[in-house]
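Heads up: the sequence shown is residues -19 to -1, 1 to 436, going by mature numbering (1 follows the signal peptide of the UniProt record, and there is no 0).
Some clues are possibly wrong.
Restricting the straight-line Cα-Cα distance to at most 25 Å, the calculated cross-link-like pairs of lysine to any residue (SDA-like) are [as the list claims (entries may be wrong)]:
| no. | residue 1 | residue 2 |
| --- | --- | --- |
| 1 | Lys348 | Gly411 |
| 2 | Lys142 | Lys182 |
| 3 | Lys182 | Lys381 |
| 4 | Lys142 | Val378 |
| 5 | Lys163 | Gln70 |
| 6 | Lys320 | Trp134 |
| 7 | Lys142 | Ala85 |
| 8 | Lys307 | Tyr98 |
| 9 | Lys381 | Pro277 |
| 10 | Lys307 | Ala227 |
| 11 | Lys142 | Asn215 |
| 12 | Lys236 | Ser213 |
| 13 | Lys357 | Lys182 |
| 14 | Lys322 | Gln70 |
| 15 | Lys236 | Asp186 |
| 16 | Lys307 | Ala258 |
| 17 | Lys357 | Pro277 |
| 18 | Lys337 | Asp361 |
| 19 | Lys337 | Gly292 |
| 20 | Lys163 | Gly292 |
| 21 | Lys348 | Gly296 |
| 22 | Lys381 | Thr406 |
| 23 | Lys57 | Lys307 |
| 24 | Lys77 | Ser53 |
| 25 | Lys374 | Thr172 |
| 26 | Lys337 | Thr172 |
| 27 | Lys182 | Gly256 |
| 28 | Lys307 | Val394 |
| 29 | Lys57 | Glu365 |
| 30 | Lys236 | Gly292 |
| 31 | Lys374 | Arg229 |
| 32 | Lys57 | Glu338 |
| 33 | Lys357 | Ile143 |
| 34 | Lys381 | Ser364 |
| 35 | Lys374 | Glu125 |
| 36 | Lys56 | Asp68 |
| 37 | Lys374 | Asp361 |
| 38 | Lys381 | Asp121 |
If you are wondering where the hints come from, they were derived from the structure by calculation, not from laboratory data.
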Amino acid sequence: MKKKVIGVLLATAMAFGLAACGNSAGGEAVKQETEKAEEAKAGTKEEKSGEVTTVTLWSFKAEDNDPTASSSRLKKLIDDFNASHEDIQVEVSFGKTYDNVVTAIATQDTPDLFDMYWQYASPLAARGALYDLTEFVENDAEFEKADFLERVWDLCTVDGKIYSIPNLASSSFAVYNKNVLKEAGWENFPTTFEDMIQCAKDCYDLESTSMGMNPLSPWLDNVLWPSMTEASWNDADGNPVFDSEAMRLAYSAQKELIDYQGGYAVATGWESDFGPARGSVTDPILTGEAGFLLLPDSAISSIYNAGVEAGYAYGEDWGIARVPGKSMFTAAVYEMNAKTKNPEASWEVMSYLNSKEAMTYLAEGEKGVGALMPRKSALDALSEKEGVCDALKEVAVLLKEADLQSFPMSGYVNEYLGAIGNNMTAYMEGTMDMDTAVSNIQEEVQAAADAFNGK
């Protein structure tokens, strides 16, 4: 008899992080003198010859004694910048929350720069709190905008203006047990959405597994699944339109799979039982308890290390694949205070912290396990870096090649995702039908859009 896994509930969430690097002396000195002369004419230069401009940076990262931690790497890069610049000095403060930043920039010119999650750009820009970076990004040839993953700018742009600079990338991938898939009749991971659902059912039908693929593990992902069916959350004019055939497929397929494997209580119970084992020697993918899962890149290094410890070889016993359809994408960003008195100096720091050299250094990651960056050059460097696990190297290649899709920028991103989460959870539970869930989401999101737009 197939093993039944019992349990009830649980939902989870996640977040992430930062970037930086340096400049050469001779050419930089000439450049600075030229800029000083030009800006003296225009009367707009924020720094006068012989004066030191201080740029303040607030980060949500916690200070850490580990030199490989993202906050430590950022601190080192800032120390290097300060050592190589006499005219600009950076002061960084760690452990700053969203509320800390929003309260400060509402009334003062400090901090000049801060890191943030992408979805807050639209509401902050609407309040006039963010500096428009478009001219800097488009006109600074040394910044090399084209080196970034093209779709990342969707997460940085509001009404055609660039308000954010991406400093960390994240996506999700299929992590699968090769032996389970082969036993279920699949030599390779499926490349179409319909085949992926069938593969999950075939893996579940084996006597050796308790789950083919759990759509609720690690959580109900309201960006990943619609991306795989290539659904859109807005119409061509940016108005929220949730109801579409592709969007309905994204959720009906999940419910079909959940019900096929025992129902919502079984799926949430499975995640309660096996979620804590993820990244350990009893990880359900390594042990073959499940055929595959769709996991964020942050989970991959721990699974790899656990596999090494337990004797599960990457590439032989388990593997990673790009998901069917489009791949979801998200990012953390830097932003500039609209009230800054030092925009040029702040841009020089911001550009430095997002340079090729900085992102290549940051891509080494905590404990040297690697971290995904939004620059193509940094992903190339990561894919060739000694000491980084082969699994994450492959992820870097897959991310660079993927057809990416992110949740659309708006002033009500959190409200939109909240409405989807609440109503589609009820649909997965079986306490609400699809039509009602879709109608509720559309109504709630339209209300949020109207409120943001002052209607």
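Check: Can the restraint linking Lys142 and Asn215 be considered satisfied, given a maximum Cα separation of 25 Å?
Finding: Holds. Lys142 to Asn215 sits at ~19 Å (cutoff 25 Å).
Notebook entry, point to check: Quick one, are Lys381 and Asp121 close enough, alpha carbons at most 25 Å?
Noted result: Answer holds: Lys381 to Asp121 is near 24 Å, not above 25 Å.
Note to self: With the threshold set at 25 Å, check whether the alpha-carbon distance from Lys320 to Trp134 stays at or below it.
What the structure shows: holds, 23 Å
Notebook entry, point to check: Is the hinted pair Lys163 and Gly292 satisfied, with a Cα-Cα distance of at most 25 Å?
Noted result: holds, 19 Å
Item checked: Holds or violated: Lys142 to Ala85, with C-alpha atoms at most 25 Å apart -> holds, 23 Å
Item checked: Pair hint Lys56 and Asp68, alpha-carbon separation not exceeding 25 Å -> holds, 19 Å
Check: Are Lys236 and Ser213 close enough, with their CA atoms no more than 25 Å apart?
Finding: holds, 20 Å
Note to self: Given the hinted pair Lys374 and Arg229, is their Cα-Cα distance within 25 Å?
What the structure shows: violated, 34 Å
Next item on the list: Given the hint that Lys236 pairs with Asp186, test it: the Cα-Cα distance must not exceed 25 Å.
Entry: OK: Lys236 and Asp186 at ~17 Å, within 25 Å.
Next item on the list: Compare the distance between the alpha carbons of Lys337 and Gly292 with 25 Å, and conclude whether the hinted pair is satisfied.
Entry: violated, 36 Å
Check: Do the alpha carbons of Lys307 and Ala227 lie within 25 Å of each other, as the hint requires?
Finding: holds, 12 Å
Notebook entry, point to check: Taking only the CA atoms, is the gap from Lys163 to Gln70 under or equal to 25 Å?
Noted result: violated, 58 Å
Violated hints for the displayed structure, listed by number in ascending order: 1, 2, 3, 4, 5, 13, 16, 19, 22, 23, 26, 30 and 31.
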